[in-house]
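Heads up: the sequence shown begins at 1 in my numbering, then just goes up one per residue.
Because the hints were derived from the structure by calculation, they are not lab data.
Misleading hints may appear alongside valid ones.
To be verified - List time: in silico DMTMM-like cross-link candidates among lysine to aspartate or glutamate, alpha-carbon distance up to 25 angstroms:
(1) Lys150 x Glu126
(2) Lys504 x Glu570
(3) Lys499 x Glu529
(4) Lys633 x Asp477
(5) Lys460 x Glu114
(6) Lys655 x Asp443
(7) Lys613 x Glu572
To be verified - Here are the in silico distance ranges between beta carbons for each label pair:
(8) Glu155 x Asp533: 52 to 58 angstroms
(9) Glu373 x Arg164: 49 to 55 angstroms
(10) Glu566 x Gly203: 55 to 61 angstroms
Just so you know, these numbers come straight off a predicted model, no measurement behind them.
We put the CB at the ideal spot given by N, CA and C, even for glycine.
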Amino acid sequence: MIDLKKDFLNPGKDCRSAPFWSWNDKLSSDELVRQAKDMKEHGMGGFFMHSREGLETEYLGKEWMKCIKAVVEVSRKIGMNAWLYDEDRWPSGFAGGRVPSQGDKYRAKALGMEKVTKERKLTGEELASFCIKLKNGKITNLRKSEEKDKLLPRENEIGLVFTREVAKPTEWFNDDAYSDNLNFDAVRAFINSTYEAYKKEVGKEFGKTIPGIFTDEPNFSSGTFRQGIEWIPWTDGFAEYFEEMCGYNFLEVVPYFFFDAEKSNKVRHDYWLALTRRFQEAYSKQLSKWCEENNLLFTGHYLLENDFPGQIKTVGAAMPHYVYQHVPGIDILTESIYETLTVKQCSSVANQFGRNTVLSETYGCSGWEFTFEGQKWVGDWQYALGVTLRCQHLTLYTLKGCRKRDFPPSFNYNTTWWKYNKVVEDYFARLSSLLMKGRAKRDVLLIHPISGAWSLFNGKNSDEVQRISDEFQAIADGILALHYDYDLGDELILKDYGKVEGEKFLVNRAQYRVIILPPMRNIESSTVELIEDFLRQGGKVFVIGPLSDTVDGQKSQECKRLSKYEGLIEVENLSKLAPLLEENLEREISIKEKNALEAPSFIYIEREIDGKKIFFVVNLDKETAHKVDISFKSEGRVEEWNALSGEISGIPARKDNGYLTISA
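All chains should be modelled from the sequences, with the hints used to inform the complete structure.
Right under this line is the structure:
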């Protein structure tokens with residue numbers, strides 16, 4: 001049996017933070033060793049050794065590796081986690097320029113679209129060419145080029161020429177281009193250049209002093225391409241990959257992606273679906289497999305997880321990638337608590353795959369004036385949503401010159417409050433010691449509607465897609481305010497890992513008793529089949545708004561058959577959802593103010609372990625204290641475990657109908 005009290009009173013290194021340690025100058029092994037020891041004394045459990053702006057030591061060079069080995073050795077002696085970081089600054093994939101330097105095959109690609117109204121010569125290297133007519137922005141007529149050597153638009157036509165584009169060199173990528181992370185060989189070259197290099201130098205400590213490696217903001221859209229064209233992410237072989245998955249040639253219908261027409265929703269949906277799968281397989285799966293084979297934990301975060309336009313444009317969908325992360329991770333910038341989806345996307349997959357450590361790169365861009373109060377406010381919010389490991393941004397090796405402006409603050413010797421840092425570290429370490437254990441208790445599965453955004457998004461038209469994103473964010477926040485915790489269900493993950501057993505809906509290891517469908521502009525046919533099976537077994541499905549009339553990107557009546565089941569109930573809006581949940585799902589917790597209503601500024605997380613229930617309850621209102629009655633579905637007694645002081649004390653509780661109620 002786990003000794004919760006022992007771990008709570010003296011949390012180990014795995015419960016303590018591991019900041020981004022910014023290696024940003026000409027490095028000295030002695031100074032690095034000194035700083036590592038200092039971080040240990042101030043309550044941190046480890047760090048990520050992170051190349052950063054200002055670095056004067058050659059990245060991955062002889063001196064760099066000497067410093068890595070010195071820090072790993074001192075970490076082994078003093079009991080710290082020395083995590084690796086896989087790139088020269090960010091985004092991951094280009095290995096400081098070593099990958100793209102191997103040639104165009106390894107550089108990021110795009111499918112470029114050039115618009116012409118006059119004759120345009122064709123070289124034979126073009127991927128496709130068309131002439132279209134538009135009315136009110138919609139295609140009314142489309143024809144392929146009639147001649148092989150030229151494209152000649154007729155009156156009132158626009159010529160479209162589609163070409164394979166290779167990313168141009170930029171200063172940020174060390175005077176080369178970003179890497180092609182959709183290309184299996186390019187990602188393998190990244191592994192060979194970086195992961196294998198670390199294995200050669202410090203591989204003996206993999207899985208020991210070195211727990212794992214961080215990949216930072218990998219994506220498929222950071223390339224810079226020639227001016228005068230519109231473009232979407234691409235890679236060699238993608239046309240064939242798309243056709244094998246979707247059953248038709250994307251290049252035969254590509255104008256419908258960029259311009260509106262009856263076929264556009266289907267084409268866009270299928271493109272983003274295929275691109276997400278390709279990135280998942282080429283990048284995330286390959287790196288994860290290598291890490292598993294070499295006793296490393298694969299962690300990090302993906303670019304622009306926070307809303308639908310950014311997420312689609314850079315990674316397709318974030319959640320499918322977390323399946324391959326042993327420590328799923330996110331990035332929360334600034335002193336704010338509005339990115340519920342960012343956290344929930346990640347912690348949901350972690351729960352579904354039994355991963356009790358969820359990392360957050362956090363506090364970046366909060367400024368030099370950032371306080372302990374701010375750390376606790378932002379941190380408490382994240383921990384109540386499922387985060388268990390803080391990766392502070394940044395721990396600056398030096399503040400010299402421009403380095404002090406590298407998205408501060410700094411969590412190191414070079415900040416004024418450093419001598420008190422252990423107070424905050426101990427607080428979050430105690431929280432982690434509890435919240436990393438057992439299993440989260442969540443009976444509700446909220447389906448993620450990103451496939452509907454795929455159907456609308458042509459890479460530019462962000463307004464409607466942003467509206468869908470904001471609408472879903474409001475629903476996600478609203479359900480939390482009702483004090484019914486939930487996981488998000490990504491439709492690709494549901495297809496791969498979802499099944500029904502009796503009245504339980506399973507996603508890999510997680511079980512749910514209620515499904516909520518938000519407004520869905522599209523739903524996957526695989527999801528419809530799972531939901532129907534769940535309803536057939538007596539499950540409960542609550543639909544906010546009408547059922548989707550689009551399946552797999554095409555207009556369909558398929559969802560209508562779900563309405564015949566008694567367990568499916570449609571509601572107009574979120575306010576009508578609350579009584580349905582009350583009637584059909586016994587509460588785990590109620591947090592009520594004097595007016596007897598649920599207090600919306602409070603959120604919570606519940607974990608179950610060895611017959612015990614752990615609740616972490618947070619008031620997000622920084623300005624106002626609230627007197628509330630908190631009722632727990634439990635028997636026995638209630639204890640308060642004070643994460644700030646380490647004290648444990650009993651609390652008087654009133655017993656009523658299977659609940660214990662305390663006043664706070």
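Could you tell me which of the numbered hints above are not met by this structure, giving the numbers in increasing order? 7
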